[in-house]
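J.: Just so you know, the protein sequences line up as chains A and B, in that order.
Using the working numbering, you'd call the opening residue of the first sequence number 1 and step up by one each time.
Using the working numbering, you'd call the opening residue of the second sequence number 1 and step up by one each time.
In case anyone wonders, no lab produced these hints; they're calculated from the structure.
Be careful, since some hints might not be right.
As the list claims (entries may be wrong) - Quick list of simulated restraints, FRET-style, between CB atoms: (1) Q296(B) <-> P340(A): 35 to 41 Å; (2) D151(B) <-> Q62(A): 55 to 61 Å; (3) G113(A) <-> V364(B): 33 to 39 Å; (4) E345(B) <-> A81(A): 21 to 27 Å; (5) E300(B) <-> D13(A): 19 to 25 Å.
Claimed, not checked - To give an idea of the chain B side of the interface with chain A (calculated C-beta under 7 Å), a few residues: (6) A34; (7) T52; (8) A65; (9) E238; (10) L315; (11) V331; (12) M336; (13) M378; (14) G413.
From the three backbone atoms N, C-alpha and C, an ideal C-beta is built for every residue, glycine too.
Number of protein chains: 2
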Amino acid sequence: MLSAMQRFAPLPDGAEAAEGSVTHPAGFLAAGVAAGIKRSGRRDVGLLVSETPAVSAAFFTQNRAAAAPILVTRDSCDCAALQVVVVNSGNANACTGAQGHADALRMRELVAGLLSLPEEQVAVSSTGVIGAPLPMDVIEPGMERAAAKLDHGGGERFAAAIRTTDRTEKLGAADVELPSGAVRLGFAAKGAGMISPNMATTLCFVTTDAGLDAATWRRLLGDAVEASFNRITVDGQESTNDMVLGLANGASGVRLGEEDLGLFSAALRAGLLAMALGVVSDGEGATTIVRLSVEQALDEAEAERVGRAIADSPLVKTAVYGKDANWGRIVQSAGMSLSPDGDRELVCDVVFGGVPVLVQGDPVALSQADEEHIAASMADAELDIGVVLHRGDASSLVYFSDLTHEYVRINAGTRT
Amino acid sequence: MLSAMQRFAPLPDGAEAAEGSVTHPAGFLAAGVAAGIKRSGRRDVGLLVSETPAVSAAFFTQNRAAAAPILVTRDSCDCAALQVVVVNSGNANACTGAQGHADALRMRELVAGLLSLPEEQVAVSSTGVIGAPLPMDVIEPGMERAAAKLDHGGGERFAAAIRTTDRTEKLGAADVELPSGAVRLGFAAKGAGMISPNMATTLCFVTTDAGLDAATWRRLLGDAVEASFNRITVDGQESTNDMVLGLANGASGVRLGEEDLGLFSAALRAGLLAMALGVVSDGEGATTIVRLSVEQALDEAEAERVGRAIADSPLVKTAVYGKDANWGRIVQSAGMSLSPDGDRELVCDVVFGGVPVLVQGDPVALSQADEEHIAASMADAELDIGVVLHRGDASSLVYFSDLTHEYVRINAGTRT
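With these hints in hand, go ahead and build the complete structure from the sequences.
T.: See below:
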């Protein structure tokens, strides 16, 4: 996974991709079992445990219709000292009212009891269909079996248990040679798959055996989330269940110093970006990932808004699917999302795969070689598009997927 | 057209649908010719003229990448005293730089010369492909032929000439019996068709032989635009070329008094809403029009934002296409677009076709009869969805179309 994302998410020098997932770092146990939530019979309950107390950091959806597991973890766990994550897939436990809240609390209570840990150190996470009650009759024995199967090699089974109808696995690991010694990182993510078609949810779990304090871990992980999961969009729809959660247990014996943070942070960021891009490229029928750069915006807010407007425009997304370098749709999206600053008309540049097609508002007469270069770029699974607004010096970067027949097929299917 | 839209856009008592279009009111001439812009050989240059000086009102796209004809009409015409509209389809004259601006001016100059009117009284409008220069070599003779063919019965040919790949015609007329006498209204609109797939543009032209002053006409038409074209969305993409333009020439001899304005305004609004809904129902592959009501929002801005978020959510739009009453996706869209007011979680109601499916955040156990009623509503071409936010007393209404395979097919096609 990590090595498959070389172009947009290269690991820094000093870090190397490794086999495995969240149990690649020392001192982590995981399991993934088929409890029977998914009709397919696939793994649907996962458990991830640090053998020793860990520092942790968690980032949650901003959606105000947040699911019960988000509320329980966010509001009544010690999110800087989590040691365990229990996840189920196949049911999001979202829009489930008071019963859903009680079920999320029960999941936490049961796992805490099985592992003899305080409830505040157990995070709860769910993904899947919305609005249906959790089938606690199968989840409870499932959690018991998962606890019994916890294993140092269980990371990939855990990663499988958090996925829904993802077409591809999203996991990876890295070895990082820091000045202070060797540490490891492990990743598992899911999305933007569907189960009984419903909204996509992104979950991502990160482990490391590096030693660092909770505040530093939160800062590094937050920066990496900002540069990865917060920069992607499949359909502009923020889920009720999104969660990124990281555990750092220090089991490597390497305590990070200032001199280690640059490389560690770069490796963490590359890994998280690889997971996020994995979600985009598996996003509901997607065939292409676009890296969209917006430059010379009036301010940060405008750069962000223009980037999101272009990335979420169904006209731009279908044009990418159609391999059509349709810069008119990009200018139109930008034109409707500028910051208010009088009636000044937009005069911009657009660049496809490195070739300018519009400069200062005037279409470029393309050579045959240019046309061929653009066509080759559009045919690639990773496409660069640049927009220069000539209004200021703020910029933004957004990664997005195209809108395809498969997206409609997946999402227009009836729930069963 | 007007009578086909009875449910969502009924004409008021005292108004009756009539045959015809923008030349149904007295004193209007129109023409539509095939100049050769469209490869199909269909009509692509239209001319609409009031025989006598008229009062006028025009409303333009807010897009800051507005096309040349928008800039010319908006910035250098007398928009309260227009007497002529010249329109071409097949080419939007958008993103065409200085040449495009010169071409729009030339269209205006030529028509003003042909009709011996001041240039300031001639509006210019274009729709079609973006970024290609206008083929003036065919447009100029086309405009001359249109001027030679102006006719009191030319409204339907004009309406044909403004369409691109619309599947259905969008025109209509009404007779209105006011206290002060009989007046007539005529309508022609286009959208959301594509030509050599590119962005949709909405144009709408309204005529009346009622007599009223420019300020009143602007206020009535503005209110009607607000309640119709400003309440629809197909894909959330504001075009570079949108224009609604109305001409009122007083040729009926009936000068409107205060006692006439209520009925006249209601008929105008119903006609404009019928045109707008015609655009939605013909919107790029659409199979269903949804009338979405958002109630009890914190404030107007929130009501509007939540309505737009739901209407533009590809997950909601594909669910409507799939005839799936997927209220979870509606709650999710609402939850991501609330006004900031602390961390209060959303607790809302959702109603499909009159049947509550979520009440105060709790899913409703539906009876067999409820399920059947919902299924029948979803199968209708006009569907009502209601969302009650329980946060305040502001509300909004938005009309939107579904997202279908046909939408992707149309928009992923390569420009030729």
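J.: Compare the structure with each hint and give your call.
T.: So, going through the hints one by one against the coordinates:
1. Q296(B) <-> P340(A): 35 to 41 Å: Violated, since Q296(B) and P340(A) (Cβ atoms, about 29 Å apart) do not stay within the stated range.
2. D151(B) <-> Q62(A): 55 to 61 Å: 59 Å, holds
3. G113(A) <-> V364(B): 33 to 39 Å: Holds, at about 34 Å.
4. E345(B) <-> A81(A): 21 to 27 Å: Holds, at about 25 Å.
5. E300(B) <-> D13(A): 19 to 25 Å: For E300(B) and D13(A) the Cβ distance comes to about 54 Å; the hint is violated.
6. A34: At 25 Å from the nearest chain A Cβ, A34(B) fails the 7 Å test, so the hint is violated.
7. T52: 33 Å, violated
8. A65: 3 Å, holds
9. E238: 4 Å, holds
10. L315: 5 Å, holds
11. V331: Interface hint status for V331(B): holds (5 Å vs cutoff 7 Å).
12. M336: Where the cut-off is 7 Å and the nearest Cβ of chain A is about 4 Å from M336(B), the hint holds.
13. M378: Since the shortest Cβ distance to chain A is 10 Å, the answer is violated.
14. G413: 6 Å, holds
When held up to the earlier numbered hints, the structure conflicts with 1, 5, 6, 7 and 13 and fits the remainder.
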